[in-house]
Amino acid sequence: MTQSRTLTQKDRGRINDRAFWLLCVTAGVAVLGILAAILVSTIQQSWPALSNAGANGFFTSTGWDPNVGKYGILAFMFGTVVVSLIAVLFAVPVSIGIALFLTELAHRRVKAVVVTLIDLLASVPSVVFGLWGLYVFSSWTKPLYEWLHDTLGGIPVIGALFGSVTGLNFMTAGLILAVMIIPIITSITREVFDTVPAADKQAAWALGATKWEMIRGAVLPHSFGGIVGAVMLGLGRAMGETVAVALVIGAAIQVTPNLFAPGYTIPAAIVNLFGESSGEFTAALIGMGVVLFVLTIAINLLAQVVVRRAEIRMKGAVA
Amino acid sequence: MTTMQSAVATNGHAAVTRASLRRGALPLRRRAMDILSKVLMSISLLVAIVPLILVIFYVIQKGAGLLSWDFLTEDIVASPRRTGGGMGPAVAGTLLITGIASLIAIPLGLLGAIYLNEYGRNNALARFIRVMADVMTGVPSIVMALFIYIAVVLTMREKTGLAASLALAALMLPVVLRSSEEMLKLVPDELRQASAALGSRRWKTTLSVVLPAAISGITSGVMLAIARAAGETTPIVVCAGIAYGISWDPMVEQTALPAQIFVNAALPFAPAVERAWGAALTLMIIVLVFTIAARVVASRFAIKNR
Amino acid sequence: MTTTITPLIPGAVPTMPTASAKPVMQLENVSVFYGGYEAVRGTTMPVREHQITAMIGPSGCGKSTVLRSLNRMNDLIPGAKVAGKISFHGEDLYAPDVDPIQVRRRIGMVFQKPNPFPKSIFDNVAYGLKINGIRDNIPGRVEKALRDAALWDEVKDKLKSSGLSLSGGQQQRLCIARAIAVEPEVILMDEPCSALDPIATGKIEDLMHELSRKFTIVIVTHNMQQAARVSHYTAFFTAEVDEQQVRHGRLVEFNDTGRIFTNPSDKRTEDYITGRFG
Chain X
511 MTQSRTLTQK DRGRINDRAF WLLCVTAGVA VLGILAAILV STIQQSWPAL SNAGANGFFT
571 STGWDPNVGK YGILAFMFGT VVVSLIAVLF AVPVSIGIAL FLTELAHRRV KAVVVTLIDL
631 LASVPSVVFG LWGLYVFSSW TKPLYEWLHD TLGGIPVIGA LFGSVTGLNF MTAGLILAVM
691 IIPIITSITR EVFDTVPAAD KQAAWALGAT KWEMIRGAVL PHSFGGIVGA VMLGLGRAMG
751 ETVAVALVIG AAIQVTPNLF APGYTIPAAI VNLFGESSGE FTAALIGMGV VLFVLTIAIN
811 LLAQVVVRRA EIRMKGAVA
Chain H
3 MTTMQSAVAT NGHAAVTRAS LRRGALPLRR RAMDILSKVL MSISLLVAIV PLILVIFYVI
63 QKGAGLLSWD FLTEDIVASP RRTGGGMGPA VAGTLLITGI ASLIAIPLGL LGAIYLNEYG
123 RNNALARFIR VMADVMTGVP SIVMALFIYI AVVLTMREKT GLAASLALAA LMLPVVLRSS
183 EEMLKLVPDE LRQASAALGS RRWKTTLSVV LPAAISGITS GVMLAIARAA GETTPIVVCA
243 GIAYGISWDP MVEQTALPAQ IFVNAALPFA PAVERAWGAA LTLMIIVLVF TIAARVVASR
303 FAIKNR
Chain W
29 MTTTITPLIP GAVPTMPTAS AKPVMQLENV SVFYGGYEAV RGTTMPVREH QITAMIGPSG
89 CGKSTVLRSL NRMNDLIPGA KVAGKISFHG EDLYAPDVDP IQVRRRIGMV FQKPNPFPKS
149 IFDNVAYGLK INGIRDNIPG RVEKALRDAA LWDEVKDKLK SSGLSLSGGQ QQRLCIARAI
209 AVEPEVILMD EPCSALDPIA TGKIEDLMHE LSRKFTIVIV THNMQQAARV SHYTAFFTAE
269 VDEQQVRHGR LVEFNDTGRI FTNPSDKRTE DYITGRFG
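Protein chains in written order, with the working numbering: chain X, 511 to 829; chain H, 3 to 308; chain W, 29 to 306.
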């Protein structure tokens, strides 16, 4: 009798168990709560700007003059896209190269050192990159840009990309960003390469493949989906990067094909202008934040779907 | 050699000779591609490492002259044109704001991780939280800063150090959550079962067996998260306001090193830019100490696992 | 050679080897080390042209290790080292100026688990041709390899579909087609049927007989009946503990398959084959 009672007893331990579970669930759900709260509160605050978006040309106009109530964010969106694309364009091949170096080329000791260095690169604060970009890097790149302008500027169509050079510009911002997103793309790509089945690599070796042929035949086909996902995550990071870009982009509100001209991005505009804004101006800046939020969320979600799908396919292939 | 020649295979196989097995037998194009690919991989590595070295070099070169005890403790000069003064309020602000953010994000992230790995596992809610946490990692810090500005600064009607802490905490939370979950995942199930077989409750097993087993891995992940948070600029600029004297009160306006770097870097005065480099060196030291400490803790963990 | 055979295991009627077959490869006192550990000790045996040589023995006896040393696949394992001499047409495979890539191109390999690339059936077979710089008549060569692998009729209408869409047995024959497309001289097979059902296994065994007209085959198998059915020569390996209580794989006996399965000269071979061991 006593035995069975102790077994069914609702003792303190059991209550503790429930309480602890509840605590943990609450913490987990906090993530969902915060995300939802961000969306709701930012949309709410930016409603004055967003509700009339169509009529005011919020998304479609490059006209931006808070003094007269003109809030067209097209130039900022343009700058964000251009700078992120430059960053991804340069960062992706480099990251894939590093990931291949780590998975296929490096010996164990070298690998540990390289991984630490890439971790260090990831932990350099973005404002420090911005400072370095503004006072060191941009002065180095100027002669190079000028040479490119002189050589390629005359070519029809493509030449428009290499217009006259200003000290701070899209290109510099994109290159700094590229360095900053290399660690994340590298680490995801590396994980993807690590999951390539050894059997596939051996099959290539056994046919007399060189290392490069093995990589092309066995590693890359398996990794395509994962790499696409990694690139998208890198793109998301690049779009949201704020202070480094704010310091080196040149703060000019314009849409131009010239990569050597100054521009502006959404996050840079928010951080530079937020302090001096009020009323409708603030609403417009928060509205830009909503646009950025939605864009980055969409890209992140899509990237995750792509990565996961690639993972599942890989596992299916192994089984 | 002669016996080998006679052993040439029939059925159209190419004859095996000494030369045919040598490295030189690999056609030039294939060998060139192979070497080229290896060279390109090594160059990619350099492309990433060289900027890292250059950034560290310049931060030390331009900041070291300024770094002193006075620089770390003195108040910030009111006029950015003037030389002198220090980064005392920014150092204090960085420690205070990041500290409070850690106090909020670490317990929350850890409990969330326990939910994901010990309770939720693969149920719908856990999977959803995992996806959303990954999405949240990708939320730009400027968006997080705006959110806290709306939710906290507008309600309290003033910028405070606490508001910046909350924004940093929101940025840290998903990172702590996911990295801790990965570490909990590494704890073998046998440990849980052994504890359960002794009649231990789930929460007790988790706190007394699972968590201690994973603690160094979790610590390492948490320290990396702190290092990243200490370098975040936008939450400070948007939510913390500005301060010129040292204060340890989170309910008043504060400043921090990243914000000081950002603000001073953009000013056209040489003394301000110099202070920016000094602050950058200070910040880099703080961040590097945490990053390296995280590595050390992590490698200890790896040894224990072996 | 024509004496009546009484197999030690029922149903196993060994194939007679071609007496005149020359050795294509020769192992002389070959030992394989992983780090400091000697996994296989002192193996001496020939691999004869157009014959099927089987390696059998209990697990951990080093048969796969020896097989992988024949085309330098062991090079890919950090710390692996081969002592002794493995010659291929008289050439030392481990001579310093020998390129493992050239070795593997001439000595192909088929693995335990079918491992087609995540590419189309056609591209799987064409892969080896392309990397080896063969550009002419790729479709013809692919078809020939698929025919030789007895897979053509089953896949000729879906060459563009993924190699992974095939059944396990078909995948393994695709891997064989991929290996023979580059026309190696020797094909190493590492338990090629262990992941397959009996029908698929039967097809591969039939195929091996066909292939042995063109190629020299070395097969590792844990299935004694299979060794008895398909091979001309059999090498029996076992694991032994030496004076220092360290386990090493050793070659116990190498002989005509008929002899091994009817009248083995070593007691350990007989014990293993009759099931008194392992």
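Hints were generated in silico from the structure; no laboratory data involved.
Treat each hint with caution, since some may be false.
Stated by the list, open to error - No farther apart than 25 Å at their CA atoms in a straight line, the calculated lysine to any residue pairs in the SDA-like style are these:
#1 H:Lys64 / H:Ser39
#2 H:Lys40 / X:Thr572
#3 W:Lys188 / W:Glu219
#4 W:Lys141 / X:Asp704
#5 W:Lys147 / X:Trp657
#6 W:Lys50 / W:Gly64
#7 W:Lys147 / W:Lys186
#8 W:Lys242 / H:Pro109
#9 W:Lys147 / X:Val816
#10 H:Lys40 / X:Val815
#11 W:Lys231 / W:Glu281
#12 W:Lys109 / W:Gln272
#13 W:Lys109 / W:Glu281
#14 X:Lys621 / H:Ser181
#15 X:Lys652 / X:Val591
#16 W:Lys147 / H:Arg25
#17 W:Lys158 / H:Ser181
#18 H:Lys187 / X:Lys652
#19 W:Lys242 / W:Ser115
#20 W:Lys109 / W:Asp270
#21 W:Lys141 / X:Glu614
#22 W:Lys147 / H:Glu276
#23 H:Lys40 / X:Thr626
#24 W:Lys188 / X:Val591
#25 W:Lys158 / X:Leu811
#26 W:Lys158 / H:Ile217
#27 W:Lys147 / X:Glu614
#28 H:Lys40 / X:Leu811
#29 X:Lys621 / H:Ala27
#30 H:Lys40 / W:Leu104
#31 W:Lys242 / H:Ala27
#32 X:Lys652 / H:Glu276
#33 W:Lys184 / W:Asn165
#34 X:Lys621 / H:Ser22
Consistency of the hints with the structure:
1. H:Lys64 / H:Ser39: violated (38 Å)
2. H:Lys40 / X:Thr572: The hint is violated at about 46 Å.
3. W:Lys188 / W:Glu219: violated (28 Å)
4. W:Lys141 / X:Asp704: Status holds; Cα separation ~19 Å.
5. W:Lys147 / X:Trp657: Given that 25 Å is the threshold and the Cα spacing comes to 44 Å, the pair is violated.
6. W:Lys50 / W:Gly64: At roughly 35 Å apart (the allowed maximum being 25 Å), W:Gly64 and W:Lys50 break the hint.
7. W:Lys147 / W:Lys186: Cα-Cα ~13 Å, so holds.
8. W:Lys242 / H:Pro109: Roughly 69 Å separates the two Cα atoms, so the pair is violated.
9. W:Lys147 / X:Val816: holds (19 Å)
10. H:Lys40 / X:Val815: With a Cα-Cα distance of about 32 Å, the restraint between H:Lys40 and X:Val815 is violated, given a limit of 25 Å.
11. W:Lys231 / W:Glu281: violated (29 Å)
12. W:Lys109 / W:Gln272: holds (21 Å)
13. W:Lys109 / W:Glu281: holds (24 Å)
14. X:Lys621 / H:Ser181: At roughly 22 Å apart (the allowed maximum being 25 Å), H:Ser181 and X:Lys621 satisfy the hint.
15. X:Lys652 / X:Val591: holds (22 Å)
16. W:Lys147 / H:Arg25: Given pair W:Lys147, H:Arg25 is violated - Cα atoms ~29 Å apart, limit 25 Å.
17. W:Lys158 / H:Ser181: violated (43 Å)
18. H:Lys187 / X:Lys652: violated (50 Å)
19. W:Lys242 / W:Ser115: Holds, at roughly 20 Å.
20. W:Lys109 / W:Asp270: OK: W:Lys109 and W:Asp270 at ~20 Å, within 25 Å.
21. W:Lys141 / X:Glu614: Holds, because 23 Å separates the two Cα atoms, which is no more than 25 Å.
22. W:Lys147 / H:Glu276: The hint is violated at about 58 Å.
23. H:Lys40 / X:Thr626: Measuring from Cα to Cα gives roughly 21 Å; hence the hint holds.
24. W:Lys188 / X:Val591: Given that 25 Å is the threshold and the Cα spacing comes to 38 Å, the pair is violated.
25. W:Lys158 / X:Leu811: violated (38 Å)
26. W:Lys158 / H:Ile217: Violated - the C-alpha atoms of H:Ile217 and W:Lys158 are around 51 Å apart, more than 25 Å.
27. W:Lys147 / X:Glu614: holds (21 Å)
28. H:Lys40 / X:Leu811: violated (34 Å)
29. X:Lys621 / H:Ala27: violated (31 Å)
30. H:Lys40 / W:Leu104: holds (17 Å)
31. W:Lys242 / H:Ala27: Measuring from Cα to Cα gives roughly 24 Å; hence the hint holds.
32. X:Lys652 / H:Glu276: holds (23 Å)
33. W:Lys184 / W:Asn165: Given pair W:Lys184, W:Asn165 holds - Cα atoms ~17 Å apart, limit 25 Å.
34. X:Lys621 / H:Ser22: Judged against 25 Å, a Cα distance of about 34 Å means the pair is violated.
In this structure, the earlier hints numbered 1, 2, 3, 5, 6, 8, 10, 11, 16, 17, 18, 22, 24, 25, 26, 28, 29, 34 are contradicted, and the remaining ones agree with it.
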